[in-house]
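Protein chains in written order, with the numbering used here: chain A, 1091 to 1543; chain B, 3 to 350.
In case anyone wonders, no lab produced these hints; they're calculated from the structure. Some hints could be false.
Unchecked claim - Here are the simulated lysine to aspartate or glutamate pairs, EDC-like style, with alpha carbons at most 16 angstroms apart:
| id | chain 1 | residue 1 | chain 2 | residue 2 |
| --- | --- | --- | --- | --- |
| 1 | A | 1124 | A | 1300 |
| 2 | B | 13 | A | 1321 |
| 3 | A | 1309 | A | 1294 |
| 4 | A | 1305 | A | 1278 |
| 5 | B | 221 | B | 192 |
| 6 | B | 275 | A | 1180 |
| 7 | B | 288 | A | 1406 |
| 8 | B | 248 | B | 278 |
| 9 | A | 1330 | A | 1300 |
| 10 | B | 282 | A | 1406 |
| 11 | A | 1238 | A | 1294 |
| 12 | A | 1124 | A | 1180 |
| 13 | A | 1168 | A | 1266 |
| 14 | B | 75 | B | 86 |
| 15 | A | 1437 | B | 328 |
As the list claims (entries may be wrong) - Reference listing, derived: stretches of chain A covered by chain B, where coverage requires no fewer than 3 residues with Cβ under 8 angstroms from a Cβ of chain B:
| id | stretch |
| --- | --- |
| 16 | 1178-1190 |
| 17 | 1294-1301 |
| 18 | 1374-1385 |
| 19 | 1431-1438 |
| 20 | 1521-1532 |
The C-beta atom is built at its ideal place from N, Cα and C for all residues, glycine as well.
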Amino acid sequence: MVAQKTEKMPWVEKYRPKFTRDMAFPTAKVGKQKVDLIEDLKKFVVSFFKEKEKLNEANRQIKTHNRTHEEKEHQEEKKLPLDKAAVLLEGPPGIGKTTIAYALANDLNMEVIETNASDTRTKGALESKLRETTKSRGIMDFVVQSKKKLILIDEIDGLYGVTDRGAVPTILSLIETTQFPIIMCSNEYKQSLKSLYNKIKRYEVNSLPDEEVMKITRKIIVKEHISGISEKELELIIEKNKGDLRGVINDLQGISQGSLDKNTKELILNLNRDSTEEIFSLIKNLFQNVNTLREARDVTNKSDVNYNFLYKWINENLTSYIRLNSEIANAYENLSLADEIFGRIRKNQYWSLLPYFYDLFAGGVVLSRKHRTPDERFHRISFPRFTSTGFFSLSANERLVVEKIQKKYKISDIEVVQEFIPFLKLLSGTSRKQLKELSDWFEFDASEKKLLK
Amino acid sequence: MLSDSPIWRIKYLPKSLNEICGRNDVKERLKNFIDDRNFPHLLFVGSKGIGKTTAADLFSKEFLGKFYYANSKVVYANVPLTSEEMKQARSEAYVSTSKIGSIAGKKITTPALIRIKIKPFIQLKVLGDVPFKILIVKDFDSLGSNQQAFRRLMEIYGTNCRMVLITTKVSKIIDPIMSRCQVFFISQVDFHSFEELISTIAERETLRIDEETIRTLYKITAGKLSNAIDLLQICSISGNDIDVDKLYENLSNSKNDMIKSLLIMCFKGDFRKARELSRKIQSSYKFSSQEMFQIMLTELAKLPLSTYSRTTLINFIAEADFRAIDGRDTDIQISHLLAKICQFSEVL
Chain A
1091 MVAQKTEKMP
1101 WVEKYRPKFT
1111 RDMAFPTAKV
1121 GKQKVDLIED
1131 LKKFVVSFFK
1141 EKEKLNEANR
1151 QIKTHNRTHE
1161 EKEHQEEKKL
1171 PLDKAAVLLE
1181 GPPGIGKTTI
1191 AYALANDLNM
1201 EVIETNASDT
1211 RTKGALESKL
1221 RETTKSRGIM
1231 DFVVQSKKKL
1241 ILIDEIDGLY
1251 GVTDRGAVPT
1261 ILSLIETTQF
1271 PIIMCSNEYK
1281 QSLKSLYNKI
1291 KRYEVNSLPD
1301 EEVMKITRKI
1311 IVKEHISGIS
1321 EKELELIIEK
1331 NKGDLRGVIN
1341 DLQGISQGSL
1351 DKNTKELILN
1361 LNRDSTEEIF
1371 SLIKNLFQNV
1381 NTLREARDVT
1391 NKSDVNYNFL
1401 YKWINENLTS
1411 YIRLNSEIAN
1421 AYENLSLADE
1431 IFGRIRKNQY
1441 WSLLPYFYDL
1451 FAGGVVLSRK
1461 HRTPDERFHR
1471 ISFPRFTSTG
1481 FFSLSANERL
1491 VVEKIQKKYK
1501 ISDIEVVQEF
1511 IPFLKLLSGT
1521 SRKQLKELSD
1531 WFEFDASEKK
1541 LLK
Chain B
3 MLSDSPIWRI
13 KYLPKSLNEI
23 CGRNDVKERL
33 KNFIDDRNFP
43 HLLFVGSKGI
53 GKTTAADLFS
63 KEFLGKFYYA
73 NSKVVYANVP
83 LTSEEMKQAR
93 SEAYVSTSKI
103 GSIAGKKITT
113 PALIRIKIKP
123 FIQLKVLGDV
133 PFKILIVKDF
143 DSLGSNQQAF
153 RRLMEIYGTN
163 CRMVLITTKV
173 SKIIDPIMSR
183 CQVFFISQVD
193 FHSFEELIST
203 IAERETLRID
213 EETIRTLYKI
223 TAGKLSNAID
233 LLQICSISGN
243 DIDVDKLYEN
253 LSNSKNDMIK
263 SLLIMCFKGD
273 FRKARELSRK
283 IQSSYKFSSQ
293 EMFQIMLTEL
303 AKLPLSTYSR
313 TTLINFIAEA
323 DFRAIDGRDT
333 DIQISHLLAK
343 ICQFSEVL
């Protein structure tokens, strides 16, 4: 029965280390200082209980004092400093932040109370789930020594916006009054959680090195008796997951379990690979093989390339595949409309317009071509070289030149770039003497002189 | 130091109000202000490159005397904030929660430009023995609806700081601002003063130039002194004799010329080259797509085209400009227009 159960478990759960000693433990740093994460956390948990014990003792005395004295002589109850009651682990997904908390609890024979983004974390929900456990110790505590608890607030960066309004103050007050140590996990730095970050210790957990991931993956391969996965494929999986151990194990399970045909295997291998290589093959695929709208949709749906870039790539490479002016015009008609729609989506959050955007920039562009050139297989695909921000901005080097000019001649940035520098170029282009005189007067150095050429 | 400048337009920049070429009526009025030690908010109106800013700057310099550097500031309203300034604006976007009152923690709605560049200056006290500070705001019309913010600023801080607003278009200034300012129309230089100045420059630089050529120079530069002097300097490189032919030879309003050659390249039907050129223009002049379309529109009127094709092209430009309002990638929007013109040129 039990054996059957583990058989059906996702491998991620099955191979989740039970104790810290089994872990491929990641390195971490606080601020800029490297620390031993597990040792630090252990110290934190142990010292929390010690301090809390002392504090509770002191508070009990204060309480009895308050009960027997007048109100004006009341003493305030002491509180644990926030950074002694909670820590935050921050790092990319799948490197073992949650696992550390569980393994730590196992090491110290504790129980984990977890809340994560799947629970709605409004003020009320959070309180009802955690408040009781944090404030009091169960009735049974007086009879038997029950397990100590560790509170894990996972995916704390998923807590923002309207549904989670008021969650940060709740968490803060929770930390103030908690009876158990709190570990929080987060994927990235969130501006909205800044008030929280300032008050507690923040560990930046680094992603796992590829060799470490490889070691664990090989162990699993041996244990599961996996065959039919080549060394190269293994490397591919590890490379594309970029230190995300969970992702590697999931992919491994996906490939080796069940009867997969070759296509699906390839799909899993190629999924998520947001690399330039994939964009290359995607663009090639779009322009060379797509003949109907349906095929175009297929190509864009399957790929996981960020569409933010993708339509810029199409803009760059459109002219090498489409040659006739009338076809270029049609293609751009669709592409520019796609761009406009994308702008509106981003501006007003009209996400329902997204399907049009996809169809227009992929199918709309590719299918506006009726004639194909025979040599299209040999076209080189180029990067989107040109990025314009759409408003006036200067590079660091240009800014230096502009500031030097403005020191001598009061004139606005835009005038310098659009009127004055072209004139300087014209003037300095006539003779070397002129160039020297100019750059001497404005005190340009060699690299700034180049901008005048 | 300034007289050493190899660039004539800087070398011959007026150094006092008296040196300003022509426009005696304006100079008289400004001098009266200086004598009275008082003036209302001013609004300078005049076409581009005519000398509004120079006049305003010299005026504030003479008015403030030795306290000029501490008490005057020029703000360019059309230059967007740099990233550091934006960062600062974002960090100060909320009223501190440590303050007492109902506004604590509320978001500040004042536009960033005014918050970062203007308020700190006009709120500070006057330094030295002058009646008030002077703030010069250039290209005031480009503030758009943010002009509204100036209404109260001009009243509240009016005693502490007077403003000189500079604009090219009166029609874009909102009425409440107009009513708070004394309007100065800075006109074109009259030919007589223009001739005088050019002659003195010619004398100093040992150029030979006759009255006929000066008249042509006045005409083709529309009386804009800085442009005229630039042109003169370019001409002088190839010899000290300057005649009408030479002027036309060297006359290039490079900004507009680039756009014109872009249009012509499109008419030839080579889209790829046209796109290359458009990218070059965009990166060297830092145009926004709107500016590109504006110049295209003015250049279109100068090209020899039939009425039908001209209206069709205007239609294209309008459509492209309209899309670019919401579009995110200027290159795509401009390429769209170029592709359409290329296609149209084949139909013709």
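Each hint tested on the structure:
no.: 1; hint: A/1124 / A/1300; result: violated, 20 angstroms
no.: 2; hint: B/13 / A/1321; result: violated, 73 angstroms
no.: 3; hint: A/1309 / A/1294; result: violated, 27 angstroms
no.: 4; hint: A/1305 / A/1278; result: violated, 27 angstroms
no.: 5; hint: B/221 / B/192; result: holds, 11 angstroms
no.: 6; hint: B/275 / A/1180; result: violated, 49 angstroms
no.: 7; hint: B/288 / A/1406; result: violated, 20 angstroms
no.: 8; hint: B/248 / B/278; result: violated, 31 angstroms
no.: 9; hint: A/1330 / A/1300; result: holds, 11 angstroms
no.: 10; hint: B/282 / A/1406; result: holds, 15 angstroms
no.: 11; hint: A/1238 / A/1294; result: violated, 26 angstroms
no.: 12; hint: A/1124 / A/1180; result: holds, 14 angstroms
no.: 13; hint: A/1168 / A/1266; result: holds, 10 angstroms
no.: 14; hint: B/75 / B/86; result: violated, 20 angstroms
no.: 15; hint: A/1437 / B/328; result: holds, 8 angstroms
no.: 16; hint: 1178-1190; result: violated (count 0)
no.: 17; hint: 1294-1301; result: violated (count 0)
no.: 18; hint: 1374-1385; result: violated (count 0)
no.: 19; hint: 1431-1438; result: holds (count 5)
no.: 20; hint: 1521-1532; result: holds (count 5)
When each numbered hint is compared with the structure, violations occur for hints 1, 2, 3, 4, 6, 7, 8, 11, 14, 16, 17, 18.
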